[in-house]
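Trainee: All chains, please: the whole structure from these sequences, using the hints.
Spelled out from the first residue to the last, the chains are:
Number of protein chains: 2
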Amino acid sequence: MSPKITTELLKQLRQVMKSPKYVQEPVQAYIVPSGDAHQSEYIAPCDCRRAFISGFDGSAGTAIVTEQHAAMWTDGRYFLQAAHQMDNNWTLMKMGLKDTPTQEDWLVSVLPEGSKVGVDPFIIPADQWKRMSKALRSAGHDLVPVKENLIDTIWTDCPQRPCKPLITLDLSYTGLSWRDKIVALRSKMAERKVLWFVVTALDEVAWLFNLRGSDVEYNPVFFAYAVIGMNTIRLFIDGDRMMDPAVREHLQLDSTLEPEFKIQVMPYGSILSELQAVGAGLSPKEKVWLSDKASYALTEAIPKVYRYLTPYTPICIAKAVKNASETEGMRRAHIKDAVALCELFNWLEKEVPKGTVTEIIAADKAEEFRSQQKDFVELSFATISSTGPNGAIIHYKPVPETNRTLSVNEIYLLDSGAQYKDGTTDVTRTVHFGTPSAYEKECFTYVLKGHIAVSAAIFPNGTKGHLLDSFARSALWDCGLDYLHGTGHGVGSFLNVHEGPCGISYKTFADEPLEAGMIVSDEPGYYEDGSFGIRIENVVLVIPAETKYNFKNRGSLTFEPLTLVPIQTKMIDVNLLTQKECNWVNDYHQKCREVIGTELERQGRHEALQWLIRETEPLIRIQ
Amino acid sequence: MSPKITTELLKQLRQVMKSPKYVQEPVQAYIVPSGDAHQSEYIAPCDCRRAFISGFDGSAGTAIVTEQHAAMWTDGRYFLQAAHQMDNNWTLMKMGLKDTPTQEDWLVSVLPEGSKVGVDPFIIPADQWKRMSKALRSAGHDLVPVKENLIDTIWTDCPQRPCKPLITLDLSYTGLSWRDKIVALRSKMAERKVLWFVVTALDEVAWLFNLRGSDVEYNPVFFAYAVIGMNTIRLFIDGDRMMDPAVREHLQLDSTLEPEFKIQVMPYGSILSELQAVGAGLSPKEKVWLSDKASYALTEAIPKVYRYLTPYTPICIAKAVKNASETEGMRRAHIKDAVALCELFNWLEKEVPKGTVTEIIAADKAEEFRSQQKDFVELSFATISSTGPNGAIIHYKPVPETNRTLSVNEIYLLDSGAQYKDGTTDVTRTVHFGTPSAYEKECFTYVLKGHIAVSAAIFPNGTKGHLLDSFARSALWDCGLDYLHGTGHGVGSFLNVHEGPCGISYKTFADEPLEAGMIVSDEPGYYEDGSFGIRIENVVLVIPAETKYNFKNRGSLTFEPLTLVPIQTKMIDVNLLTQKECNWVNDYHQKCREVIGTELERQGRHEALQWLIRETEPLIRIQ
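Line by line, the protein sequences are chains H and X.
Under this note's numbering, the letters of the first sequence match residues 28 to 650, in that order.
Under this note's numbering, the letters of the second sequence match residues 28 to 650, in that order.
Treat the hints as calculated values from the structure; they're not laboratory data.
Treat each hint with caution, since some may be false.
Identical copies go unnamed one by one, so any copy, or any two together, can satisfy a pair.
[What the hints assert, rightly or not] The calculated DSS-like cross-link candidates involving lysine-lysine, where the alpha carbons are at most 25 angstroms apart (straight line), are:
1. 208 with 448
2. 161 with 331
3. 157 with 314
4. 143 with 38
5. 534 with 314
6. 121 with 31
7. 143 with 331
8. 45 with 174
9. 220 with 125
10. 312 with 125
11. 215 with 377
12. 312 with 143
13. 48 with 143
14. 468 with 607
15. 534 with 491
16. 607 with 618
17. 312 with 534
Mentor: Here's what the structure looks like:
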């Protein structure tokens, strides 16, 4: 990996930072955040502005360029990668280390008095703007919105914003028509006494209208905004996608409809002016609902007294609770996914000993098997296919420079998933193709105990996911071990593989209480730098639990695994399991046999079926 | 309990709300919060202003009086009590119920346009002022500080502010001189680049100067503030307490000292003007450190740009980590406390069957046995002595109207503790003097499993207490049971029985990470309304744990019980315990026998020793 030479680019950027063509007054610093205008986790190539200006293309990082300096803030996952990808023009700011200044402190230390700091108001979330603006102002500087993105002005070969065809999802997939979703949304709006709701997150637009796209890799979303009033629906979207008869039919664009369900289609770029018009027309006590993560530009369009901001929107919360059709779809998707993985592991077992299977080949093979399944659309994230020491790099993605060959001497960790039209999958299995060491088995078994502790947990209705996180760690903690990531994240239904508002993490974040129908991952791990990584991940559905008693009539919840892929028993030290844990593994494998076995049979995949049967032999614990 | 008649008082209050003698402009509403000027949990009689004006004397509640209305906000623990204690002039606002308006919303709904809402700026914490002021302003009203407390103007027989003699604590108790504490504080101040630190919490003043008082019942504190500069120490305290030769000697008031350790003693009431003088003398970049819970009055004394506010002060954090002398003192205090409880339970076992022991008699007897122990000062909180259905009232305190007689047919719950000069105790035991039912034993055993799960937990250095809370609930959750309070609180060393900044609770609060030397309670419970209450509480010390591995060299922690009082084995369903849990109980009882047995022997308390030996017989679990 050689660094990107950025001398010329930085020179150009510093010129436009002073050019009256783009800025009212020269800016002495320009901030280039990671995100797009929708605060997406995964972004399109045209939004990779920070990577363009610096060369550093990790998923998290903020660049700040001043007249003299160029600095990049990123976290521990990316210190090495950023150092490799950036040239000497850049200073790496290692977040999380004690001596690393915050962006604000650094700006204050390098800027001349009374400086202007520019940022694209569409890219910076309102809450972040507020914090930074306050810090700069108290030091005598100003944060100013620069309407035209300055990177775009110098990015001559910037890819076009994607504008791919849409997929319409019918009731059998969504369980609820977009009309009914609008009705439910309006009733939430009425409850909170707001007149308008602005949909800014791409997965929320997609979910609301029962549409999917492919503008962003791995996330079946499309670039759009929506503004919902009590009697109006405005969809801001570009391209001739609205010319597609299936889409027109789906959205009933050509039907005579009650006016409150008539969708007005508007250009993507007109959201700001339309929202400003909404803002200008408000009377006292009329409110507009926005996520507090919405961009500064859109938030500012609504005068402060009319704003109603919440960390999670009602769509985010409704989307998280899957209905019966969505749940059934997720079940089907996970069955197909398990079939693909049974094929894969059976194939790996035969091929790995030959010494010809690399991490990339294994990842490609996983995709090949998945793509044979019905309604397969694409992967749901970049496959983490890692063996030996690469397994300890939590966000590893094999590239030619790091690509390792799988062998009978190393642990192999595969974290992968797919988008099917009926659901999204995400599963991690850790396996050994030879004989694991006692220590490897010991660590694997602690991770498994943590996985089971969460999966089998029974907890009161209304419990927040972060209260379950320690269950996943307890067995590791007992031996002085741990892992430095959360235990689970929300999973979309043929949508983003990471979604809010629930999750299982030690980090205190504003997670919403778990309720039946929510779907999260359960993925504890253990990583030994330089030698191996272990993770066991199922996607699990929150379901009601039957309990002996029922305190205050609150009811209880538990999890049902949707992922049905065998957990390699060769890696388990059975003597470290309790009888209850042992039964859990056996019950789980029995269910894999029944459900996935039936499907393998149906698809005529006899060799994979044999593999499944071998891999699901019950554990026997010597008392 | 008959309600307090408040018609005349409210009339008087409404008069002074308009009187130019007290208010610059009439106020249309006056807020009477619960607290004192130090945001104490326990308050002195002269600070019980809300109880005076309303009759309601629970520990939590806020009164608001307008020209037409009088309303009281309190939480679920006090709905019944408040309803009984208040007359018809008052509307009870049941916090936590869906239809109950917030104070701000209610004020907005009842006030005429452009109203002024008054409050004593010394009583309202700055963060609360900020929230309420913002809400009122956005509705066109104003929150205004009323310097003279309006309740005090009509409270003709208001008790005097207590001004009791001080106790000096020497190094054998504190382990650190006040000079060394000042040096450590100044080094924290230098780290954060602040020039002044304002000590507003009473227990922080007491801890810093190694002094104790008795101005507030149960809390060995005294009314004082302190302002620490890099070269000055100012102590704001009233009365002739500073004339006491022991105190003068302790504080070296008459010695020739380096100027930076010379304590300037000033009147308690001069804190505001002195702080204003400090505020007026600051240059740019000079900062003053205050707790963000400090009163609005003191916070406002420092212009905003000079304020440095944190949720926990460096004193609060230093105080929480007990040094070797404090830890040894706490151990000694808990041994004495256990001796007293062995005597008590032995006595109860003999007396209860006679039918003459009431909850109040039992509580008094507990105090009597404690007072026989060396260095006993007072109780550390009002004893919760409750039998049968009273046990389900979590904050129960027996009064003649509710006083129940202990019997062989009901569960008895005793939550009690004391202040000794060497430490503070807090212990709950739940016992049966006859034969408990299978259901009672089942519930008790789940609570015990939760208690053990926390007490025996091993967790990484730096873990926050809230991550351990679910361990205490897991066994209850499995059966659909739970309890509606946190699992533990910090405990002071001959100081407040509840102290920050650590604790074990499902409530997300900004708790500081646990570290070796911190002391918390471990007190899960189960409560069945109308029939019984169960709680098992030990005070536990955070200690380093030995583990097989040591991930990232972080080190691990666990707890050591300081409380050494037998847990009634009669209440345990041994078959519900794992072997590990069974061993924990037996090891714990073995330690009680050794440590408390030796002390009972030394004190010649032979009958109690026999009781201890009986009660600590090992459990035997049938495999």
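Trainee: Each hint should be assessed against the structure and marked as holding or not.
Mentor: Evaluated hints:
no., hint, result
1, 208 with 448, "within (20 angstroms within a copy, 65 angstroms between copies)"
2, 161 with 331, "both (16 angstroms within a copy, 13 angstroms between copies)"
3, 157 with 314, "both (20 angstroms within a copy, 23 angstroms between copies)"
4, 143 with 38, "within (18 angstroms within a copy, 58 angstroms between copies)"
5, 534 with 314, "neither (32 angstroms within a copy, 31 angstroms between copies)"
6, 121 with 31, "within (19 angstroms within a copy, 63 angstroms between copies)"
7, 143 with 331, "both (23 angstroms within a copy, 24 angstroms between copies)"
8, 45 with 174, "within (14 angstroms within a copy, 53 angstroms between copies)"
9, 220 with 125, "between (45 angstroms within a copy, 16 angstroms between copies)"
10, 312 with 125, "between (46 angstroms within a copy, 22 angstroms between copies)"
11, 215 with 377, "neither (55 angstroms within a copy, 63 angstroms between copies)"
12, 312 with 143, "between (35 angstroms within a copy, 21 angstroms between copies)"
13, 48 with 143, "within (16 angstroms within a copy, 51 angstroms between copies)"
14, 468 with 607, "both (19 angstroms within a copy, 23 angstroms between copies)"
15, 534 with 491, "both (12 angstroms within a copy, 10 angstroms between copies)"
16, 607 with 618, "within (16 angstroms within a copy, 31 angstroms between copies)"
17, 312 with 534, "neither (36 angstroms within a copy, 33 angstroms between copies)"
Consistency with the previously given hints fails for numbers 5, 11, 17, ordered from lowest to highest.
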